[in-house]
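Chains as they are written, first to last, in the working numbering: chain P, 1 to 501; chain S, 502 to 1127; chain D, 1128 to 1228; chain H, 1229 to 1749; chain F, 1750 to 1923.
Don't read these hints as lab results, they were simulated from the structure. Be a bit skeptical, because a hint or two may be false.
As the list claims (entries may be wrong) - Label pairs and their computed distance ranges (CB to CB):
1) Val1070(S) / Ile1839(F): 55 to 63 Å
2) Tyr1507(H) / Ala518(S): 44 to 52 Å
3) Leu1233(H) / Ala1062(S): 33 to 41 Å
4) Val27(P) / Glu1222(D): 32 to 40 Å
5) Val479(P) / Val1070(S): 47 to 55 Å
6) Pro422(P) / Val1846(F): 23 to 31 Å
7) Phe35(P) / Ala1270(H): 58 to 66 Å
C-beta atoms are modelled at their ideal positions from N, C-alpha and C, and glycine is treated no differently.
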Amino acid sequence: MQGGAWLPIAFEVVLLVGALAVLLVAVVAGRDRRFWGPAAGLAFAGAALAGVLQWREVSTSGAGLFFTAQGVSFAKSPMVVMDGLSAFGAIVLGLVGFVGFLAAWDLVAKVGRRGPELVSLLLLSLAGLHMMMATPNLVVIFLGLETASISFYVVAGFLRRQKGSAESSFKYFLLGSLASALFLYGVALTFAATGSLTLYGGNSIRDFFSSTIVTQPGILLAGMALMLVGIAFKVSAAPFHQWAPDVYQGAPTGAVGFMAATVKIAGFAALARIFGAGLVSQVDTWTPIVAVLAAVSMVVGTVLALVQSDVKRMLAYSGVAHAGYILTAMTAGVAGVPAMWFYVSTYAFMVVGGFAVLSTVSGSDSSKVPLDDLKGLVKRSPEMGWLMTFVVLGMSGMPFFAGFVAKVFSFVTATAVPAPWPANDHGYLWLVVLGVVMSVVGLAFYFRIIGTMFSTPDDQAELQEAGLPVRFAVIVSAVITVAFGIVPWPLIEAVRDAFPI
Amino acid sequence: MTDFLWLLVALPLAGAALNLILGKRIGEPRSGWFGFGLIAISFVIGFGASLGFFAGTSNPQTIYLFSWIPAVGADAAILWDPLSALLTMIVTGVGALIHLYSIGYMHGDDRYPRFFAFLNLFIASMMILVLASNFAVMFVGWELVGLSSYLLISFWFTKPEAAAAGKKAFVVNRIGDWGFLVALMLIFMTFGTFDFRTIFENAPAMFGVGAGTITAITLLLFVGAAGKSAQIPLYVWLPDAMEGPTPVSALIHAATMVTAGVFMMARSAVLFELAPVSAGVVAVVGTLTALLAAVIAVAQTDIKRVLAYSTISQLGYMVLGIGVGAYAAGVFHLTTHAMFKALLFLGAGSVIHALANQQDMRKMGALRKAMPITFITMAAAWLAISGMFPFSGFWSKDEVLAAAFARGGAWLILYVIGLGVALITAFYMTRLFAMTFLGSSRWDEGVTPHESPRTMTVPLVVLGLGTVFLGLFNTPARHAFEHFLEPAFSGVEQVEGLSIGLISTLAVVAVIVAIVGIIIGLRRYNTEVLPDETGAFWRRALAAFGVDDLYGRFLVAPGKAVADWWASVVDPKVVDGAVHGIAKGAIGGGERARAVQSGQVRWYAAVVAIGAVALVVFLLVLGGGF
Amino acid sequence: MTVTVTWYLVLAAALFSMGAAGVLIRRNALIMFMSIELMLNSVNLTFVAVSKHLGLIEGQVAALFVMVIAAAEVTVGLAIIVAIFRFRSSANVDELSELRG
Amino acid sequence: MPVLLLLVGLPLVGALVVGILPKKRPELVFPVSLGASTASLAVALYVLWEFEAGTPALQFIEDLRFSTILDMGWRVGVDGISLFMVVLTAILFPISIAASRSVTDRVKTYMILMLVLEAGVLGVFVALDLLLFFAFFEIVLVPMFMLIRLWGSDNRRYASMKFVLFTAAGSAFLLASIIGLAVMTGAQIGTLASFDIRNVLAIQLSGTAQLLLFLGFAIAFAIKVPLFPFHTWLADAHTEAPTAGSVILAGVLLKMGTYGLLRFNLTLFPEAAVRMAPYLAILGVIGIVYGAAVAIVQPDVKRLIAYSSVSHMGFIVLGMFAFTTQSLQGSVFQMISHGLTTGALFLLVGMIYDRTHTRKIADYGGLATVMPVYAGLFLFAAFASAGLPGLSGFVGEFTILVGSYLSFPVMAIVAGSGVILAAIYLLWAYERVFTGATNPKIEGLKDLDFRELAIMAPLVVLIIGIGVYPKPVMDRVEPSVELILDRIESATTYQVPLVGRSSAVVDIEYGEFDVHEGGEG
Amino acid sequence: MAEAIVFIIFALVAIAGGLTMLTARNPVYAAVGLLSTMFAIAIMYVLLDAHLVAAVQVIIYAGAVMTLFLFVIMLIGVDRAQAYGDRPLIQKAMTGVVAVGFFATLVLAGREVWVTGSDAFGTPDLNGTIENVAKELFGNWTIVFLASVMLLTIAAVGTIALAHFPSGEEDGAS
């Protein structure tokens, strides 16, 4: 790693520099978004590029660890790791971030002078999220988690004079802090039980398990459970999901896609990192819990989405259900990571695209989007209507849309590895059956959305044309949804290597 | 000539198609003549091909046309033997005459070409039935005649009765067809083929007399035959079928289609020989049908309904003939009946035509003078059906009764009943004849009866000749008819012949019975004033003993009630109810879960905390932490 | 009676539970937030105790980071609370339940 | 040349072209759509023409593996069974599109959906990859949902949602089973999963696994068929759908269910199929009687035809699980026939609906006087549907009944009663709609015009054509169903009943008889 | 022994502070309760030889954080006693169950072993002096230390964005 010595932290560096540049430009050149906007865009694109470079490096030279001091041996704990998981995550985060940023472009205009702050928060949150997946150190994971969370608390409440936005922000903040505390306590208990804060490397948790036979795992198990709670909260898996609908509904529509998508990416990557890599020897203990979380998420998310009348809430609950499907993949342990990646990376674009469309329909600063807002969308704006149809079909898991392949991949994975509890060779078959059943129930509201969009509008007024960046974001999301539905195999082959080391 | 036999089907079919599509352009009389011509040509072809059988020089043969359903080995092929030849001649012959008759009868109808199209279609169907070389193809014809019959009965569909009658005919026929269909399934399972020749050659070797399988097959076949040939309990459609134009009644419901059942059973004679039980059932049902229909016929006032019940009654005779094993006799009666019954119907049609569509016999009378040709030909038919020597009906009916008598034992009961029916027949036919042509005129005002046009009377005359002389082909002295048919019944044991003396005695008895019936009838009805017929018996018989009502009350209504119940309760409430229940459950669950989502941040925190505790406990339990 | 590491850990657990109880039971946004701070403190105590027990200085470093994070959180959190409640005369979180279902 | 890709792709290309047609040229939409589906028909006919009869082998195989981990890909091919499904689909679509001239609202969307639907259905019938099959099987829901939702009549919201949820509920089990099967297959060949039907065919399954997978597949297909008691979606969907939707729904969508049963349940799980056959056959028989009985009392023409479909599809299922050459061939044939006859009926109902906007039987009466040609065609279609010999319906039902009797005599007899009921419901409906005095409300309606006749003509010709001469169809179907029976016999102890194989059907001699002298037998 | 006495005293102080925070009607009292807990914990750090941490605890928590809290309490003006009012019984019960249950579960889980190895402190010579901590912090953890820059930036930017209301600014709210 001669030339690329800084490569492992390039993602964060680019974003940090980008954020500072945005703030600086805003101060120096003026707060008009045209001045600092390009800098932000460049930062997101640069981050994605950094991810690509990392990916290339990983696939040619193998995974690498980053140490602050030169010449530190592997025996010491690394703080940054660059492997398939983090590199792939960097690409996905970068791209989703970029698209999400474009989707938030109209919102940026709405918040006026505070635009640079908003965008720099988004940029930094992305860096924090990547930290979660690019480190083997539990404290650093927590640091990344908090970095991202705190910026999202602010973003959610950015329209502070809106009641919804404020409430959303407060709820997110309070519950998020609670979950963070739980997660952190989990880290502390794990530290107590294993004597290490690092997942692997020198003197790590993995080492601990390979050298010690744990006879009294009580505290360790409690620690694991609490860490799982923290992550489940972040990815909005039931029963830790309750914040999600309220927050997504209240938060400014233009930025919800960004928040919802990226946090899921990082959350699941962290899950893969902590449990798939660090606690891999305990896999038989934690997969049943993941399975239960998955089951509850699928059921709760789907059933609650059925009875919503607000599209944002619907999508939020559908996000809960999707968390369940993704967790289903993770029941296979580390073998589930490729399926998880496929799901998360495609779903993230759908989320961004979906909320971007909602922001064009009801305004990027809206905090409520009743289903009736979508009435006749296809007629009022064929472009948005059809693209939203694709996105929703993608979410619903219809074949030839990415969601379908993702689901199948996830389900296949869950059944491919023998399950410890209830012990059998066919993996979590019951979970898969539940999953497909819930997919069907979910069709009820997805098709309700589609039906509403295709119905005759009450007034024939054409929809106000959305800004070019937002349209671009929607188009990219829809294209990705369709493209990876029809041609999924490049991504399938790619995620095969997106493992944690 | 046998190379052209396929034309027997093709020509009428082509006629039907052309008349259907181009009929309007061809115009009124021409389309009729066109249809008639095709049938006449068919008759010529059929007759020509039969010559070999008359001469006794040719053997039966099967002619392969094309493979139809290979899976069940059903080929479209023609079985050309005397039986099919005979039926071909009857169908095309009588058919041609009726076409001719219709040219005049249907004059002025809006849908004149269509009528001939349907008639042609009927002939084609009948030919498929008759010429079939296997049960499957026979079934095709069997159903298609049902279709043609439906089309023709409900030809005047604007009359609700006509439409209902057509439907009733088709549906009741289909009930019989069900039996036939099941018979076919059993036949295929038993023999692995539908081919007549293969089955009839193998059946005696495979099964002994009385074998269960064959009994089942034959009984089922009889169910089919009962539908087509209007036997108890499926005869109810035939009287209603009189709603159709009269030529239709003559052709379909007297001469040809209704005899299909008899034909089919005769065709399956080998099987019936192996199943004495079935034969007994057939004989008993035939006799009872003959009796019941005759009794009902006595009280009818509509001229066509009398004839309809008379047809049912005569069909009973034919079926009796089959049942007692006198296949040739049964078929012989079929042949003569085709003549005189067609004649009766056409004559009736002529009368109805003359009286401006009046069908009630109480409004007729004294037509002798006005319609001489009709009167004379009808008289021949009347005597023939009454069993007067030497008209054709006498010979054929006698043959059947003699066969029943010859079986002896319990079969004598059937003979006695048959004889009784002959008496009743003579009586009610005399009643019909007298009320129509004799006595005083009771026409509606303003009606001036006149003889029908030439196209209508020519067929009457031709049929009249047949009625008079056809019987002479098959006298006890000279069984020309039976010899002609012999190759068709090659696998069947012949009924032991009675001595000539006994036969003569029976014949004399039969003639006496007929004369008695006629005399009673003439004395009662050849009067100025009609006798009062409003007594209990007359009312019940007129209403056909309420069998239709019975069916309506005990079959149709409950069936419909069940269907209604299924459609209005089971489907929406039970089947769909379960579905809606699930949906409601999901949405109800969602609504309830929504309440949990209270918006209270403390509550959310509590859920998170409880979840965390639960997760910790769960993991501890699972991982052995406790 | 020597003080073992378990004493500290049990104390930390107790404080953590009390913090959790505070989040659940108090209606005042500020006190809820304080409870979370208490939870973080107890975690820190755990870190430091384990650090001492195992001879790993990492634990103390972790505790320092947690403090930094907590400080940042407090800043933002209080900003949010101020933004919401500055014009009201209460910090009752139960009033914030418009988004629900 | 990738013929089948062309077959499936052409409608999609058509849909794309329609999608990008300029808004100013609405008159182009219709010809382009019709052209695309006709082009697909041309390809289908080419396949039919080039298809080699007399062999059970899959033909026109295209095999492209996309993913090594999941072992899925574009694997398609046709055999005697799918061949005719493809042709039927390819025929019905141009007809339906041509029959959609009366659609005036959002024509472009409508045509796009129709073409996508066509591609989906064709895909189902050619797919040899389980995942590909499922993908096509499921995607069909989307255009169909929209067709009902957007162009349906009054109760369309309910009907469309019911349609989607019902059929998708079945698909859920299908997907779960497919995944289970694919994973088991993958485990044996060393990938994560394998969806290639050839690999799947090669693996050994335990009895329980077979049974469970069989049930999973069967539920999905039973709902699609629909088999009693999963039929209630059908009536609503058919009734509310626009004409073309009903035609396609009844004509080809239902066939996806029976096709699936034949292609997957019988082929992949012979043991379980033998075990479950009586139960499915019973459901089929119940469907025959129940559907027909309920059809009798329907006050709505479309509902009536919908329930008749339940009845007819019951025949297909009965035949399928009777495991004889005859019954299986009959089933396949009946699938084709039902597509044609019911399609014709729905087209006809659509034509009159366009004129009067009512489907209630009570709103008609004496229509035959006003529209004689229409009445004639309707009667023709009704009789074809009721299984009148000489028309296609008879060949199918007759063969099914004869073949099924060999295995399930009682059921075949009961099923035979469906023939009576069919006559009752169709003729009674005909009587009420067409005969009697003319209802003043419908006086003055125009009889069918040339376009409508041209739409009906191919169906009429085909119904008569394959009814009179079904041999070309049968010859191509037979080897494929024989192969299925071979598999069943070799995989289980089950023996096909006597004469249940085409080789056991007696050969017939033609020519003159040897007359037995003396009348002795 | 002396250590034990100190521990027990300050543990009691910490718990008492926690209980005060839980129950005090007036937010100011609650803050004071928390403050005392924090001091107690700082004493614990001293007992554990983590001197730097103890110092930072006092400076950041007791000094900065709690001051901030008190300031906000005053700012919002909620420094009056608040009735618990209609707090439902179920909420109380649930809270009790959760808190006690959580504590009990943990104690149960760790009843035998909380930490690996001996229960006693393994390395009494470990001293959390500034030097020791700094060595670790600026050695192995440098990158993390630098990464916390982002966190602080966010905190600054976020606070400004939320709390800074320049006059007449429209922020899209309606």
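Outcome of the hint check:
1. Taken as a hint, the range 55 to 63 Å is violated for the pair Val1070(S) and Ile1839(F), whose Cβ atoms sit roughly 45 Å apart.
2. Here the CB-CB span from Tyr1507(H) to Ala518(S) is close to 46 Å, well matched to the stated 44 to 52 Å.
3. Range check, Leu1233(H) to Ala1062(S): about 55 Å between beta-carbon atoms, so the 33 to 41 Å window is missed.
4. In this structure the hint that Val27(P) and Glu1222(D) lie 32 to 40 Å apart at CB holds, the actual value being about 37 Å.
5. Look at Val479(P) against Val1070(S): about 51 Å separates their beta carbons, and that is inside 47 to 55 Å.
6. The supplied range of 23 to 31 Å is met by Pro422(P) and Val1846(F), whose beta-carbon atoms lie about 29 Å from each other.
7. The hint said 58 to 66 Å for the Cβ distance between Phe35(P) and Ala1270(H), and at roughly 59 Å that hint holds.
Violation of the numbered hints given earlier is confined to hints 1 and 3; the remaining hints are satisfied by the structure.
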